[in-house]
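Chains A and B are the protein sequences, given in the same order. Numbers in the working numbering are just positions in the first sequence, counted from 1, shifted up by 1. Numbers in the working numbering are just positions in the second sequence, counted from 1, shifted up by 1.
Hint data in this document are derived by calculation from the structure and do not stem from the laboratory. Computed from a predicted model, the values in this text were never measured in an experiment. Take these hints with a grain of salt, some might be off.
Because identical chains cannot be distinguished in the list, a pair is counted as satisfied if it fits within a single copy or across any two copies.
[As the list claims (entries may be wrong)] Cut-off 20 angstroms, straight-line C-alpha distance, at most; resulting in silico cross-link-like pairs (DMTMM-like, lysine to aspartate or glutamate):
id: 1; residue 1: Lys42; residue 2: Glu142
id: 2; residue 1: Lys314; residue 2: Glu14
id: 3; residue 1: Lys180; residue 2: Asp60
id: 4; residue 1: Lys187; residue 2: Asp60
Listed here are the chains, written in short residue letters.
Protein chains: 2
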Amino acid sequence: MSLSNRNEFNLIERWAEILPAPRPKVLLGIGDDAACLADLKAPVFSCDALIENVHFRTDWMTPRQLGWKSLAVNISDMAAMGALPVAVTVSLALPPHTATDWVEELYRGFADAAERFNCTVAGGDTAKAGEIMINVAIIGELTAHALRRDGARDGDAILVTGYPGESAAGLTILQTQSKPQTAFEKHCVEKHLLPQPRIFEIQAALKMHDAIHAAIDISDGLVGDAAHIANQSQLELVIDAESIPLSVNCEQTAIALGADPLQWALAGGEDYELLLCVDPSAAGKIADLIQTATHTPVHQIGYCRKPALNAAKVLLYNNNQEMPLPESWRHF
Amino acid sequence: MSLSNRNEFNLIERWAEILPAPRPKVLLGIGDDAACLADLKAPVFSCDALIENVHFRTDWMTPRQLGWKSLAVNISDMAAMGALPVAVTVSLALPPHTATDWVEELYRGFADAAERFNCTVAGGDTAKAGEIMINVAIIGELTAHALRRDGARDGDAILVTGYPGESAAGLTILQTQSKPQTAFEKHCVEKHLLPQPRIFEIQAALKMHDAIHAAIDISDGLVGDAAHIANQSQLELVIDAESIPLSVNCEQTAIALGADPLQWALAGGEDYELLLCVDPSAAGKIADLIQTATHTPVHQIGYCRKPALNAAKVLLYNNNQEMPLPESWRHF
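Here chain A stands alone, though its shape is the one from the complex (with noise of 0.2 angstroms):
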């Protein structure tokens, strides 16, 4: 059965009973013409839109995975600020003729993503439109000070979480050979299917929030989103493209594929992992913090300085030797 079937309303119903209850944070969920919230201390809020064929192909993905998709990269956003996300609305767009089981299987990805990042799914809009969009709003609360991006300081330390370019490895195999081969590659799918926002990991680092300067998450390629932070701060981020970690998942795809794993690590996108300018006598500690906590890996790639001639950018170098910059993703 397709949307065009049936009632908006009791389709409604049905999409919020597949949700979980309201967190306690939310005192009125789906139904009325807004939700209401309980007071907010530091509120951030911002959006993020996954597009059909722009973002994700359906015969890529399971409707489950992109609503826990469509949900995670805007929490990814609370994590970039030190925030733990509370509520979420989801504007929707859907063809006419989409199948009301795709609908709920969506929903369901949305509550997977709602379960584990303890936030509730507030309230949305439902509309006809030839492409599916899904568009997400999120507010969360901050814990310690904002993690924002003018914030890094000259000679700050650059740590990223997890490994960058697994994302684009899984996204290449999508494109040019549908299916992973290996575990390898099944690995890489799986992180550019399922990202995992780094909500845990910001939280553990801060326990030492006075060494935490910025923050960005990398979902547009770590040069493009370092540049942010450089551009921001008016600092020159060095980088050296030896240390950034590439793990064994995106080197023996790339191997496969005869690609290049630095330049999915340098530009690819998606991979939704943070990169945090620290106090230098803190990194070291801040890693352990949270590898501890959440056993994800966190590598210094570089360090903050002032800039020469005022030129505030990404420097990045491999073997000493400078290296030209990646294009980062265009949104247009």
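Given chain A, put chain B in place with the hints provided.
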């Protein structure tokens, strides 16, 4: 010049310049992973999208009108809860050939509405798509209790602001003759393109907040939205069709087009007027408060009563005869 020729980050900077400066409750606006807000008391949160060729056509309205309307329909949800808007995020999906001038005008429309209703465009996201989609999420704060759909009581008077049906009259003109011919028609088209969310009206009414039991904005049509209150409050909403205020603009347009203005008022949708269920002894005073503060007319169009046999619904009378209910807006 179109979006595909331009650097995204330059565009975002340009658009941010068009917007008014963030209001004091927005501590950090556009340009980070998320916006940072001041502590919020009793926040409310919702979203609403406008999609090309579903909710609007670009040959019917200027991008500036579209920008206004995108924010206004969301601000209306705040009015319907009894809240004041604080901040919005805007997630834009645009075809790559979209002219940059067009998007700047859209932002001028966002700026107009943000200025008028004292809120801040605090963040956003832009991506390419086949059709234009404008997804807005909004956060506001209650100033009294939440005006929920489930709060109506047996005996409540049903009030409506403004003149329902004008928006549907305007839409019909756009659909049938594209340009309005008379001042009446022009007014209706403007009502459709530039809806006025009833923020100031509800704030005036909330001086008697104890007497206001439920509210909804009639965006999907008066009868359809009244049915939400009926269902959620488990009441019958008895509406007297003869009491529904039809403006001279709506009536004259109906005469010119050979249409029934009452059908527009009952089922047309997109009026963004408020329907309130209030203590009957306070109904006159509440209407006066709104009219005195804003010059927006308020009329009583019916009352709430306990349903016979628990069948909560809307009952419509005309000349003491029960009328069949019109079909309201279907989202699919």
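We went through each hint and held it up to the structure:
1. Lys42 x Glu142: both (6 angstroms within a copy, 13 angstroms between copies)
2. Lys314 x Glu14: between (50 angstroms within a copy, 18 angstroms between copies)
3. Lys180 x Asp60: within (11 angstroms within a copy, 44 angstroms between copies)
4. Lys187 x Asp60: within (16 angstroms within a copy, 48 angstroms between copies)
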